[in-house]
Amino acid sequence: MLLCEDSKNSCPIEFTLNAIGGKWKLLILYHLMYDRVKRYGELKNSIDGITHKMLSQQLKELESVGLIKRTEYPQIPPKVEYSFTEKGVTLLPILGMMHEWGKENMTQGMENSFSRVGQWEN
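Quick note on numbering: the sequence shown equals residues 6 to 127 in the numbering used here.
Honestly, the hints are just simulated from the structure, not real lab data.
Worth double-checking, as some hints may not be accurate.
Simulated DEER-style distance windows between Cβ atoms [unchecked claim]:
hint	residue 1	residue 2	range
1	E19	P79	34 to 44 angstroms
2	E77	I18	28 to 38 angstroms
3	F20	V85	24 to 34 angstroms
4	P82	S15	39 to 49 angstroms
5	T56	P83	35 to 45 angstroms
6	T90	E47	12 to 22 angstroms
7	M111	V85	16 to 26 angstroms
8	D53	P82	18 to 28 angstroms
9	E86	T112	12 to 22 angstroms
10	N110	I81	30 to 40 angstroms
11	T76	M111	30 to 40 angstroms
12	Y39	K84	12 to 22 angstroms
Every residue gets a Cβ at the ideal spot worked out from N, C-alpha and C, and that includes glycine.
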């Protein structure tokens, strides 16, 4: 059994969730996982339902924790690309496992159980 230490912010799982948690960050990382480099517009078009504000915010957060890097090219119109940092690349096996787990477990019954917020079944 994995235990988190008692002091605040010393739980590795909590630290990881703070870095990559939330619907949008994982989707951004997923899309970068396959293409490795994406422009802002490509990310925006590939993630259904994300707003400009939310995409910008999530990209800044991922950049601030060192998982992705932003490369800006001085041209007109401006060109900005996002890609993994060395630290971010270490997440690829985890993202791959999450992808595989999802593929193997995508069933109607399981999707329905997720709609009941806060109810976990053993």
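(request) Kindly indicate which numbered hints from before are broken by the structure, ordering the numbers from low to high. (result) 5, 7, 9 and 10
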